[in-house]
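**Student:** Chains as they are written, first to last, in the working numbering: chain A, 1 to 30; chain B, 1 to 581.
By construction, these hints were calculated from the structure, which means they are not laboratory data. Keep in mind that the hints are not guaranteed to be accurate.
To be verified - Cut-off 30 Å, straight-line C-alpha distance, at most; resulting in silico cross-link-like pairs (DSSO-like, lysine-lysine): (1) B:Lys428 to B:Lys532; (2) B:Lys324 to B:Lys428; (3) A:Lys27 to B:Lys435; (4) A:Lys27 to B:Lys531; (5) B:Lys324 to A:Lys27; (6) B:Lys220 to A:Lys27; (7) B:Lys435 to B:Lys532.
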Amino acid sequence: MDFVWLAVVVHFFLVSGLLLRGMCFLKTEN
Amino acid sequence: MTTNAFLQIGLFAVILFACVKPLGLFMAQVYLGRPTWLDRLLRPVERLLYRIAGIDPQSEMTWRQYAAAVLTFSFVSIVAVYAMQRLQGWLPLNPAALPAVSVDSSFNTAISFATNTNWQGYGGESTMSYLTQMLALTVQNFVSAAAGMAVLVALIRAFAGQSITTLGNFWVDLTRGTLYILLPLSTGLALMLVSQGVVQTFSPYHNAALLEPTIDAEGKSVTTQTIAVGPAASQVAIKQLGTNGGGFFNTNSAHPLENPTPLSNLLQLVSILLIPAALCFTFGEMVGDRRQGWTILAAMSVVLAVMLVVSLFAEIQGNPVLAKLGVNQTVSDMQSGGNMEGKETRFGITNSVLWSVATTAASNGSVNSMHDSYTPLGGMAAMWLIQLGEVIFGGVGSGLYGMLVFAIVAVFLAGLMVGRTPEYLGKKIGAFEMKMAALVILLPCAMVLLGTAVAVSVPQGRARISNPGPHGFSQVLYAVSSAANNNGSAFAGLGANTPFYNGLLGLAMLIGRFWVMLPVLAIAGSLVEKKKIPSGNGTLPTHTPLFVVLLVAVVVVVGALSFFPALALGPIVEHLLLTSN
Numbered sequence: 001m002d003f004v005w006l007a008v009v010v011h012f013f014l015v016s017g018l019l020l021r022g023m024c025f026l027k028t029e030n
Numbered sequence: 001m002t003t004n005a006f007l008q009i010g011l012f013a014v015i016l017f018a019c020v021k022p023l024g025l026f027m028a029q030v031y032l033g034r035p036t037w038l039d040r041l042l043r044p045v046e047r048l049l050y051r052i053a054g055i056d057p058q059s060e061m062t063w064r065q066y067a068a069a070v071l072t073f074s075f076v077s078i079v080a081v082y083a084m085q086r087l088q089g090w091l092p093l094n095p096a097a098l099p100a101v102s103v104d105s106s107f108n109t110a111i112s113f114a115t116n117t118n119w120q121g122y123g124g125e126s127t128m129s130y131l132t133q134m135l136a137l138t139v140q141n142f143v144s145a146a147a148g149m150a151v152l153v154a155l156i157r158a159f160a161g162q163s164i165t166t167l168g169n170f171w172v173d174l175t176r177g178t179l180y181i182l183l184p185l186s187t188g189l190a191l192m193l194v195s196q197g198v199v200q201t202f203s204p205y206h207n208a209a210l211l212e213p214t215i216d217a218e219g220k221s222v223t224t225q226t227i228a229v230g231p232a233a234s235q236v237a238i239k240q241l242g243t244n245g246g247g248f249f250n251t252n253s254a255h256p257l258e259n260p261t262p263l264s265n266l267l268q269l270v271s272i273l274l275i276p277a278a279l280c281f282t283f284g285e286m287v288g289d290r291r292q293g294w295t296i297l298a299a300m301s302v303v304l305a306v307m308l309v310v311s312l313f314a315e316i317q318g319n320p321v322l323a324k325l326g327v328n329q330t331v332s333d334m335q336s337g338g339n340m341e342g343k344e345t346r347f348g349i350t351n352s353v354l355w356s357v358a359t360t361a362a363s364n365g366s367v368n369s370m371h372d373s374y375t376p377l378g379g380m381a382a383m384w385l386i387q388l389g390e391v392i393f394g395g396v397g398s399g400l401y402g403m404l405v406f407a408i409v410a411v412f413l414a415g416l417m418v419g420r421t422p423e424y425l426g427k428k429i430g431a432f433e434m435k436m437a438a439l440v441i442l443l444p445c446a447m448v449l450l451g452t453a454v455a456v457s458v459p460q461g462r463a464r465i466s467n468p469g470p471h472g473f474s475q476v477l478y479a480v481s482s483a484a485n486n487n488g489s490a491f492a493g494l495g496a497n498t499p500f501y502n503g504l505l506g507l508a509m510l511i512g513r514f515w516v517m518l519p520v521l522a523i524a525g526s527l528v529e530k531k532k533i534p535s536g537n538g539t540l541p542t543h544t545p546l547f548v549v550l551l552v553a554v555v556v557v558v559g560a561l562s563f564f565p566a567l568a569l570g571p572i573v574e575h576l577l578l579t580s581n
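Chain A extracted, bound-state conformation:
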C-alpha cells in the first residue's frame, strides 16, 4: 500500500512539472 500512496505524491509532482512547463510556454507566447 505504501507504493500506492507514494505514487499519488510522485504523480502530483510530475503534473506540477508539466504545469510549470505550460506556464513557461504561456509566458513565452505573451
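Given the structure of chain A, go ahead and fit chain B onto it with the hints provided.
**Tutor:** Chain B in isolation, oriented as in the chain A frame:
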C-alpha cells in the same frame, strides 16, 4: 462586551503592531543580505551549511529554477516525513512504543506538514513518537514556513528589481529564513512557554492514580490516568510562529500542558500573527516604499477586525435554544457568559474568539477552543476567513503573496474602470499576470467547492459526519476549505482519519499550496523582467485609504461570490434554524 474584553483585545493589538516595524525591518535585512546583529553567531553556521550542501550562495535563479527548487525540496520533504512515520516503530525516542502510522494517515500528515497546513487527522500523543514529532513534524514546521517566505521574497524582488531575469536563490532564502528568523524567534518563545509550564521532556508518559476512580464505557473500573508529556514547547513555539498550527497534543492549545496560563495564551496568540504582519513592513522596506506595506497591513487588519466583531457578537449572544430554556448566559462574576460550549473556562469568550479569528485569518490552524461548537455565525466567520484564500495575514509568506496577487487584481479592475493600463509599484500588469492571478485565486476556490461536493456525494464522505443536516455539511465544507487553503484547523466533529478523507484532503493541500506557488512565481518571473515606469497622473496610488477600500472590496467580493451558495447550505441555514421558532 465587557471592559475586560476590550482590554484583552487592546493589549493583543498593541503588542502585535508594536512588533511589526522592528521585526519587519530585521527580516528585510535578512533577505536583502545586509548585516544583522546575529551575523557573528550565525554567519559561520550559514556558510557551513552551504558548504555541506554544495550551494553557491552567489548564484541566482530564474523563476523556473526557483519553482523547480521549491517543488524538489517539498517532494523530498513529503517522502522523508512519510518514511519516518512508517518506520517510527523501529526508530529511537519512542518510549510509548507507538507502532507505525497507517499508510493513508502518513500520506496525509506528510503532505500536511510539508505544505504548512498541519491538518491533523491523528491524535499526537497516541500516534507519533517523540522522534517523529521532532525530526519530521517540527523540522517541517520550520522549513515549510521558510519556503513560503522564500516564495514571497522572490515576488517582492520582482517588484523591486527591473530588467533582470533572476529572483534570488531559493536555497539561500530557505536557509536564511530558517536560521536568522524562525530559529531565534522560536527558541525565545519556547523558553518563555517552558517558563509558563509547557512541557519539554523526553520522559515517558506518566501514570497517575485517580483521586476519584471511575468506570469506562464497558463498565470496567478505571483507577489510573496516563498523562502524556514530551518535547512539546519546541514544537508549540514554531507551530505558532510559522503559522503551522499542528499541536503536540490532540486538543492543541486547549491542552493544559500545551497552553497552561493566560500569559502563554497571549504569547501564542501574538505569535500567530507576528510574522505575517511584520512581513508587510518587510515588503514595504524591500520595494523602497514603506507606505505600500502599511497599506496592505491596513487592509488585512480591517477585515480581521470586522470578522472579530461578528464572531464576538455571535458568541457573546449565546445559544438561542438555551436562552429559550431559561438558561442564564449573561456575563457575571461567576461565569464567562455567552456560548461556552467547547471553550476553556480559563480563556473565556474573548480569548477563544480572538484565537479562532486569528488562527483562521492567518492560515495557522491551531485552536484553543472547539470551532465545531461555535454558534453558526461564529463558525462561519472562521470558515469564511479561510475561504477568502488565507490572505488576511495568511500563512507566513503565503498570505502576503496571496494578498499581493489580489492587489494586482485590484489595480487591474481600477485600470478597467478609468480606462488606463494597470500598473502596480511601477510594473505594468499584462495579460499573462492576470491569467496567473486568476489561477491563484480560482484554483483553491474550485478545490474547496468540488472537494466538498465529492465528499457529500459519496458514502465514504458522509459516513463520518457526526451531525446530520446543515451542521454536518458545515463540517465537511470547513474541512475541505481548511485543507485547500492550507489552514489546518477543523470543525472537529468530522471523523476525518479515514482513507477517503486522508486522500481527498491530502490532494487538496497539495493543490492549494503548489498550484498557487507556481503561478505566483510565474508572475514574479514576468514582472522582474519589466522596466519600472515612473508614476504619472494616470497612476492609481496604491498607498492611500482608497486603495485599502478597493483591495478589501476585491477580496471580500471574490470570497462572497465564490462561497455564498455553499455557506447558505451550511452555517446560514443553521443560524436561521436555530433562531426560528
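**Student:** Could you run down the list of hints and mark each one as holding or not?
**Tutor:** Now the hints, each set against the structure:
Proximity of lysine 428 of chain B to lysine 532 of chain B is assessed by CA-CA distance (about 8 Å); at most 30 Å being required, the pair is judged to hold. Of the supplied pair hints, the one linking lysine 324 of chain B and lysine 428 of chain B is violated, its CA atoms being roughly 59 Å apart against a limit of 30 Å. With a C-alpha separation of about 10 Å, the suggested pairing of lysine 27 of chain A with lysine 435 of chain B holds against the 30 Å cut-off. The straight-line distance between the Cα atoms of lysine 27 of chain A and lysine 531 of chain B is roughly 17 Å, inside the 30 Å bound, and the hint therefore holds.
Simply put, lysine 324 of chain B and lysine 27 of chain A have alpha-carbon atoms about 61 Å apart, too far for the 30 Å limit, and the pair is violated. Distance restraint check for lysine 220 of chain B and lysine 27 of chain A: the Cα-Cα separation of roughly 68 Å exceeds the 30 Å cut-off, and the hinted pair is therefore not satisfied. Annotation: proposed proximity of lysine 435 of chain B to lysine 532 of chain B holds, straight-line Cα distance about 21 Å (limit 30 Å).
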